[in-house]
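Q: Below are the chains, spelled out letter by letter.
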Amino acid sequence: MSETGIGAAVRRKEDQRFLTGNGNYTDDINVFGQTYAAFVRSPHAHAKINGINTSAAAAADGVVAVLTGEELAADGVGPLICGWNIAGKNGVEAHNSPVHHALAMGKVNYVGDHVALVVAETQGQADSAAEMVEVDYEELPAVVGTGSALNHTTTIHEEAPANMCYDWEIGDSAATDAAFASAAHVTTVEVVNNRLIPNAMEPRACLAQYNQGTGDWTLHVTSQNPHVHRLVMSAFNGVAPEHKLRVIAPDVGGGFGSKIFIYAEEVVCTWATRKVGRPIKWTAKRSESFLSDAHGRDHVSKAELALDADGKFLALRVNTKANLGAYLSTFASAVPTYMYATLLAGTYTTPAIYCDVQGVFTNTAPVDAYRGAGRPEATYLLERTVETAAREMNIDPAEIRRRNFIQPDAFPYQTPVVHQYDIGDYGASLEKACEMADVGGFAARRSDSESRGKRRGLGYSSYIEACGIAPSAAVGALGGGVGLWESADIRFNATGSVTVMTGTHNHGQGHETAFAQVVSDKLGVPIENIEVVEGDTDKGPFGMGTYGSRSIAVGGSAIVKAADKIIEKGKKIAAHCLEAAEDDIEYDGGNFTVAGTDKVMNIAEIAFTAYVPHNYPEGVEPGLHEQAFYDPLNFSFPAGVHICEVEVDPTTGETEIVNYTAVDDFGTIINPMIVEGQVHGGIGQGVGQAMLEGANYDDNGQLVTGSYMDYTMPRADNLPNFNVGTTSTPSPLNPLGVKGAGEAGAIASPPAVINAITDACGGAMIDMPATQEKVWLACQAAE
Amino acid sequence: MPTVSMTVNGKAVSADVEARTLLVHYIRDHIGLTGTHVGCDTSQCGACVVHVNGKSVKSCSTLAVQAEGADVATIEGLANGEELHPMQAAFKENHGLQCGFCTPGMVMSAVDLANNMKNLDEATIREQLDGNICRCTGYHNIVKSIKDGAERMGG
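Keeping their order, the protein sequence lines are chains A and B. Following the working numbering, the numbering of the first sequence begins with 1 at its first residue and continues without gaps. Following the working numbering, the numbering of the second sequence begins with 1 at its first residue and continues without gaps.
Simulated from the structure, these hints should not be mistaken for lab results. Treat the hints with caution; some may be incorrect.
Only pairs whose alpha carbons sit at most 27 Å apart, straight line, appear in this in silico DSS-like list of lysine-lysine [unchecked claim]:
(1) K302/A / K774/A
(2) K144/B / K13/A
(3) K118/B / K147/B
(4) K144/B / K432/A
(5) K561/A / K572/A
(6) K92/B / K147/B
(7) K92/B / K13/A
(8) K118/B / K55/B
(9) K285/A / K275/A
(10) K147/B / K13/A
(11) K48/A / K107/A
(12) K13/A / K565/A
Which residues of chain B face chain A? A partial, calculated answer using Cβ under 8 Å [what the hints assert, rightly or not]:
(13) L33
(14) T34
(15) C40
(16) C45
(17) E127
(18) T137
(19) Y139
(20) H140
DEER-style ranges, computed between Cβ atoms [as the list claims (entries may be wrong)]:
(21) A123/B / D75/A: 56 to 64 Å
(22) S55/A / V65/B: 30 to 38 Å
(23) T7/B / T154/A: 58 to 66 Å
Think of the CB as a built atom: it goes at the ideal place given N, C-alpha and C, for glycine as much as any other residue.
Modelling step: build the complete structure from the supplied sequences, incorporating the hints.
A: Here you go:
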């Protein structure tokens, strides 16, 4: 392994600018003549709009324009869309899809819904004028609860009777019922997967510009997928033709899913910039982020697990109500269906599974993918159920998992719920995690805690996830409206340095370093001579962006394909220059050698020759610049075991994570430092979900957790250090053997934490977040 | 509009601003130093931390006029040319940042912490970091970075 190649803990290339204040985030960018936007937002969860009077606002100091939904519609700007159709039970071909206007047309459906746009010379003037827009609201009853939305006395959308978006199912109902009939034991668990607010530290923002001379738009936007933004905004919203719209996602301060989606703000500002003839900048205030970023999770589920007398799983039956919010966000429909129920086999051999999901509309912010997206919900449900079954049957929780793991020789393994797992060794991760967590010493530690009046608990989580979503044809067959391939472009410069462009996007994952390592490894170019460029539709090839831990598995594979093409062409050039047959050229680490001789050309010489082709093979094009598109053969399946150990003070409910161990199988690891960082961050978010975070609406649909004063973000003193290790079964289905590492921590950790806390508190269910109060109550009940 | 003058990173600066202008907006929008970030509107996240007369301050909770005549240091003034400050170097070495958005505030808080407390242990760092929120790292490597950075600074 070279010091900068695959597997090396290379320090990040991007850090210098971030550490010195030279990052370039959307709100850092200012252009001549720029104006500022403020959105008038609904203060009501559900109301009719009888009229909007903009005259006072329009006359206020510095106001350039006040625009409403009527004007947006008059200009033919289309509504926001959802890109994944879910076919339902009983042959229903399409989900109910209410129209989602970017600016309200006669009705608002959640607090924070967009009513009007105010454009002014300064941000202060825009904000002040927004308060002067008079909206005549007629309040309607609000539908809030996930479990009570169906058949509520109030229907939110005409297009969605009973507030149902879809009633969907997967698996074999009859086989599942039959297995239950013969079960020795049935474990039933009701779980709530608490609603979360993503809270990337950089609030969403956009800067829209229109050039009247060229007819071009430029949109800087906090996006995880600038090409997808351009595609949707041109094809569906119709704000600008695709070839005239340049979308730039510069440095983006975290995403976690929330910056995948095409939101009202960027659509409206891109439309309005041409209308007002001035650049428009909009930057969310954090309170706007709370109200209008797509939220995550929010499931209410019942799970039943059938077991034989030995604790072997026979069947799993699940019903889930999934809150989709007031409208369908860009990929909302897929999250509680194909991103969720297809993972219910987990790492186990459960032969029969049936799950049905009702997606419901409520008067709350739209809910869509948030770090893990469906897989945390599946893992939490399954691992809570397995742990409960172990307790009920008095089987050690590690042992019940061992008895049910898919064995290493069983791959490829077809689950009863769509996925075919390529490879894995779940037992290896469990044993390693048990060793790292010193499970053998737990009984003594528990005694020690008890001697001090404390309680101690140990919780397991064995997870699997599906990353690198694809292949495109399969996505299409399941209702997805997009292809999920990735592209790469490797451009040698004449001096031997390299520019790499790919359609994924770096918003903290270290692509500029990790992808450079892949290219350095494959092409033998020093890492300092490699520049990775992402995030600008005018620079790189069309690509699908970064989410679902897809960047290395899909984007990295595209880079390898492009590198292979470079090597192939290099061989032709080397054969000519070294006067050998192409078949006799051997390539290794940047050098093209005539087999069995010391005649060699370095790739930098090849590049120079390609751009100054004076002595050059006939019929070969000049230049050394190759592009590849890669459509994956399957998802990748990272898996692992996390073990959490807590100490609880039963007199106060205070819970401390005293040890947290994670063992993950990510296949090949490009940069272990970056991967560990991804695991740490994921666990941090998962512990946040388990113990601290929860988006709460009151009965009127007012968000009562709308700031950092009310929504408990994990802080440094809420979290422990993490004990992180890996196992490795490289994926046989992509050229790097990688699997993806971005979401594992957030998927695995919530059940590990709750299993540990409930273990400490006597075994009864505690819903997330396990606040001090809930833990105290559980301890009281247990005593 | 009042004229507000101060020293930022050793340079005298002056701008006419609305009286309600916050120090963070003065620095970002009027002086043009965009390394200091705004991550919330309740003075919780700490992305906007700068040093005012040698002490760390959330520049979103200070009016620019309150900093009249002050000596202000921002993240842009920390390195010596291209050579990173020991705390910045420690963040790079220990992978103490991911998306980079909270980083300027984290580093400015960490420098102030290391200046004021010696022999920092992990628990103290975690407790003192209460005013800075990071969503990416789970804090593990930030804590490690600050311990390392404080040692590099001689603490």
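Q: Which numbered hints turn out to be false for this structure?
A: As far as the earlier hints go, not one is violated by this structure.
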